[in-house]
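Novice: Sequence:
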Amino acid sequence: MKHNNSTRQVSMRIFLVLIVMMMSSAFVMAQEKYGFKVAGVDVTSDNYLDLTEINGVSGKVYFDPNTRTLTLDNATIEANDCNAILNETCDNLLIELIGTNTINVTNSAGIYTRESTVILGDGGAKLSVKSDLCALLFGGCPLEINNCWLEAEGKWGISASYNEAEEVLTIRNSHVEATGSTGSICDIAGLKLEGCYIDIPSKAAYYADTKSVAVNGETVTSKVVIEPNSYGIYIADKPVTTLNYKDLTSIYGVSGSASYDPDTKTLTLDNATIERNSTDGTGIVNKTVSDFTVKLIGNNTVTADLASMVLNQTSTITGDGSLHLTSKRFCGLDMESASVTIDNTSLFVKGGYGIAGYIGAKSEVLTVRNSYVEAEGSGSGSISLISDLILDNCAITQPVGAEFDADQKAVVLNGELLKSKVVIEPITNSIGTVTADVPARKQGIYNLNGVKLTQQWNDLPAGIYIVDGVKRVKN
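Residue numbers (the numbering used here): 37 to 511.
Don't read these hints as lab results, they were simulated from the structure. Just so you know, even glycine gets a beta-carbon here, dropped at the ideal spot from N, CA and C.
Mimicking DSS-like on lysine-lysine, the simulated pairs with C-alpha atoms at most 25 Å apart in a straight line are: (1) LYS191 / LYS259; (2) LYS191 / LYS239; (3) LYS191 / LYS228; (4) LYS331 / LYS274; (5) LYS282 / LYS162; (6) LYS96 / LYS69; (7) LYS259 / LYS274; (8) LYS301 / LYS323; (9) LYS259 / LYS228; (10) LYS323 / LYS364; (11) LYS259 / LYS162; (12) LYS323 / LYS398; (13) LYS96 / LYS162; (14) LYS282 / LYS228; (15) LYS162 / LYS274; (16) LYS274 / LYS301; (17) LYS331 / LYS364; (18) LYS364 / LYS457; (19) LYS274 / LYS364; (20) LYS398 / LYS455.
Label pairs and their in silico Cβ distance ranges: (21) SER423 / SER456: 20 to 26 Å; (22) ASP117 / GLU202: 26 to 32 Å; (23) SER293 / ASN450: 42 to 48 Å.
Given these sequences and hints, build the entire structure.
Specialist: Spelled out as structure tokens, the structure:
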């Protein structure tokens, strides 16, 4: 009986060991690896939802196996003797960037990809990669940087490793800074730039002979800067580009909501504030976009050391909101060689010049249509250096008697250039129904019979007059 009991106990132990082994095997089989590592640790079906459990990883880092997307959301990855991200076998891996992300690695490449990989942002996302070896390394596969801000710094900035034809670097609509003491962008089979260009160094280009970004055939070892294409508009002295146009608050000094639509050529300011108070700073500049529109929603403010707004092309400011333009020492609204229309909106301008052209050229025509405008130029004129002022359903209401003088190309009072506040308002009173035989926009003061008067406004008796083509009441 003891013999039988002992035999049964041994058999039971063997059975339990087999069960445990089978369960362990099943567990191992159930744990799926996704073909890449983060900080030296395999990303698997066990940890993919929160990779910040890995030592050296913080912020938000997670993986979606269905879309093969590794998301870095304001993340930091620090590693020693291993890559921050190593893509071994995950083909078409997408590294999605949200917010500001940082990778610091020693004794290894920062990011190393052996399968096709795309680094993608939302326009405002950033990634900084630093290594004492190569910051961004790819081998036997293409690498794409798309719609983001990326900085790579190391002994090599961005480099390939296998000298194969597939090792092509594509950069789309991105700002890229690459610095490498041995080569900043080097050992790659090709460089494709879409919606961007090499800005620094001057005359740098990709050379097939050296397989690198080079100047005069010499591989660049200083910083290479690749910039997204500009639309010819500048906000706080930064270009509006294919990278940032959807959200211009990514520009330092811009808050609220500001965006640009390249299809309609419309800059929308929605309760936006733009501050550019550094020496010689400007707020908004339109250099090259004709038929440009600034659409105002809510209350908007632009403050700058030099011009708050510079319009070098035909432009319109419109919308239900308002815009305050303040220049500390130059011009509130500078309309150089361009006609500008203020249409159904409210505009408040203040500076050394209020609203001004450059030399009063023929093209520098200011039209105010059914709008409220205040302009003050304490140093050189409130509305000056323009060839014509067209008031459409508007009138100058302050100071009383102020008018546009075509010879002086400015708004004057009693023949003197005005430097105090000039107010233009929509005509809303009943005199709009009174008719007079006066040519449209004819300069000067006329009675309702169409006779031009020689008296100044202050010397006229009470009555209804036509002033610069606009009906006005004097009480």
